[in-house]
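Taken in sequence, the protein lines are chains A and B. Count along the first sequence from 1, then add 692; that gives the number in the working numbering. Count along the second sequence from 1, then add 643; that gives the number in the working numbering.
Calculated from the structure, these hints are not laboratory results. Heads up, some of the hints might be wrong.
[Said to hold, decoys possible] Among chain A residues calculated to face chain B with C-beta under 8 Å, some are:
hint: 1; residue: 694
hint: 2; residue: 710
hint: 3; residue: 713
hint: 4; residue: 720
hint: 5; residue: 728
hint: 6; residue: 755
hint: 7; residue: 868
[Claimed, not checked] Far from chain B by the CB rule (all over 10 Å, computed), these chain A residues:
hint: 8; residue: 716
hint: 9; residue: 717
hint: 10; residue: 724
hint: 11; residue: 727
hint: 12; residue: 729
hint: 13; residue: 730
hint: 14; residue: 731
hint: 15; residue: 753
hint: 16; residue: 754
hint: 17; residue: 770
hint: 18; residue: 774
hint: 19; residue: 823
hint: 20; residue: 863
hint: 21; residue: 874
hint: 22; residue: 876
hint: 23; residue: 880
Remember, it's a predicted structure, so these values are computed and weren't measured experimentally. Think of the CB as a built atom: it goes at the ideal place given N, C-alpha and C, for glycine as much as any other residue.
These are the residues of each chain, in order.
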Amino acid sequence: MSRWEVKIAGFGGQGIILAGYLLGKAAAVYDRRHATMVQSYGPEARGSACASQVIIADEPIYYPYVTEPDVLIAMSQEAYMKFAAEVKPGGLLLIERDLVALDTGRSDFVRSGVRLHALSATKIAEELGHRIVANIVMLGFLCALAPIVSPSGMKEALRSSLPKSAIELNLLAFETGYERGLQVGYNLAGNPS
Amino acid sequence: MKRGPAVLTGVHFFNGDVACAEGALAAGCRFFAGYPITPATEIAERMAERLPEIGGTFIQMEDEIASLSAVLGASWAGVKAMTATSGPGFSLMMENLGFGYMTETPCVIVNVQRGGPSTGLPTLVGQGDMMQARWGSHGDYETIVLAPSSAQEMFDLTIAAFNLSEKYRLPVLLLSDAVIGHITERVVIPAEEEIPIVNRKKFAGPREAYLPYLPDEDLVPPMVAAGEGYRVYITGLTHDERGYPSTSPEVQERLVRRLVEKIRRNARDIIRMEERGVEDAEVVLVAYGISARVAYRAMELARAAGRRVGWLRLITVWPFPEERIRDLATRVRAFIVPELNLGQIVREVERCAAGRARTIPVLRPGGAVHDPREILAIIEETFHD
């Protein structure tokens, strides 16, 4: 039995909602667990603050909002400033290294016991061929660090959700992020709480 | 044109709007007319993609008045039909909605509620149309309103809405909300043969014997489709069994009483609800839609603190489950009713409780759902009184 609450935040155009959708789909359809995803975004298509909240559990999920995330993926400074303090002790805080400055001038930001990892996901994505897959690099990174969904489930979710022409690059992005996660050298076994 | 199956049997990760569209197709809906509006747009989008694949018709209309007109017309042509909108479009539909009740036209109208009044909060949640759904069109009528609480129920209750509309011959409303329309969750679609489908009673006797508004014992008249050879006469004016307009008070009495009674008499068949922990409860939370899921968390928190709190989720909002609330009122201390409006369904609970139990509203005018702790605080107060 484990329950994961994940928040993915950044700005419109970074594939924040898609990342939440893929994570939830991997859990619900391929790992056969319960999953909910709710999203929030501004009226603009690009550039405004954007977040998706995913809960994955073995039992039905009633309240679909994340209050104390086990995992936060912050893809922008604003997302980091807004949500980093919420992450549960023992939880994971993954940041886009090149878009988030950790030196915020505040010391109360991240609760003690939170494991923080930075990855230049956008730069890695650009090297692979297109910055648009930065979100998938991050998902790969996450999957290596925490047993939220199975990597095979994630890959199935990618294959069944994306246009044919995009699948290869996205799988490569996932694998690359996953490798980088394995290099960190540990995996949160089970729920950190 | 590629051909796809009408029923997408399997496990999916759908948002509520997409699940609603798939439920409609599984129920046999083959006509959709609508006008896009947040947060219901994905229903139209999905129908526009899927209906042509399976031999159905999708029309984007000039507005919501025309949308419901087209849906009523399609139903009289013998096709199961649906439209979907949000508050502003729902307001425009009120006249045609009454026409649908008066002419006993089966169809389904989906309202994915957002914050109002007027154009209000296009992208944010509300539950402010619950009374409009009951009373929004003029004159006396009864309606059926279902309130889904999950993407799965957006699928299941859309099928139920079609079945009820076909059985009782009336427009049935699915009142969802922006959170449930956009929440993405596991949706399990069963095999086609496992989905119960109800089709309208058809008249099969000789043409000269056909009286379009002569009811059977269940108060529902059998229907024909335009073009089958029977005389079809459809009017919003008070009409007799032949369908002819009449200004007689007796005809009015007979017709309008029947429109109301065909629902009231069958309330037990129509009403559905879900309960948890009500058996030993001192306080019962009554809620629907997304608010029911938030209330559930509040109940869990209260139970963890040793409070005997129950949860009653309305699946059918109209007809209102009067009997159940009356019965519970004799043995609980209080009902707590969280909803995303400034006091609508709570009035019904209060009416049925009739002073035998307290009725406590927890209200927000939409824009965001409650914090479960806000409901918990109200629960705690009732135990300290």
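Here is what the structure says about each hint:
no.: 1; hint: 694; result: violated, 17 Å
no.: 2; hint: 710; result: violated, 11 Å
no.: 3; hint: 713; result: holds, 6 Å
no.: 4; hint: 720; result: holds, 4 Å
no.: 5; hint: 728; result: holds, 5 Å
no.: 6; hint: 755; result: holds, 4 Å
no.: 7; hint: 868; result: violated, 24 Å
no.: 8; hint: 716; result: violated, 6 Å
no.: 9; hint: 717; result: violated, 4 Å
no.: 10; hint: 724; result: violated, 7 Å
no.: 11; hint: 727; result: violated, 6 Å
no.: 12; hint: 729; result: violated, 4 Å
no.: 13; hint: 730; result: violated, 5 Å
no.: 14; hint: 731; result: violated, 7 Å
no.: 15; hint: 753; result: violated, 8 Å
no.: 16; hint: 754; result: violated, 4 Å
no.: 17; hint: 770; result: holds, 19 Å
no.: 18; hint: 774; result: holds, 16 Å
no.: 19; hint: 823; result: holds, 25 Å
no.: 20; hint: 863; result: holds, 19 Å
no.: 21; hint: 874; result: holds, 27 Å
no.: 22; hint: 876; result: holds, 28 Å
no.: 23; hint: 880; result: holds, 24 Å
Hints 1, 2, 7, 8, 9, 10, 11, 12, 13, 14, 15, 16, counting from the list given before, are not met by this structure.
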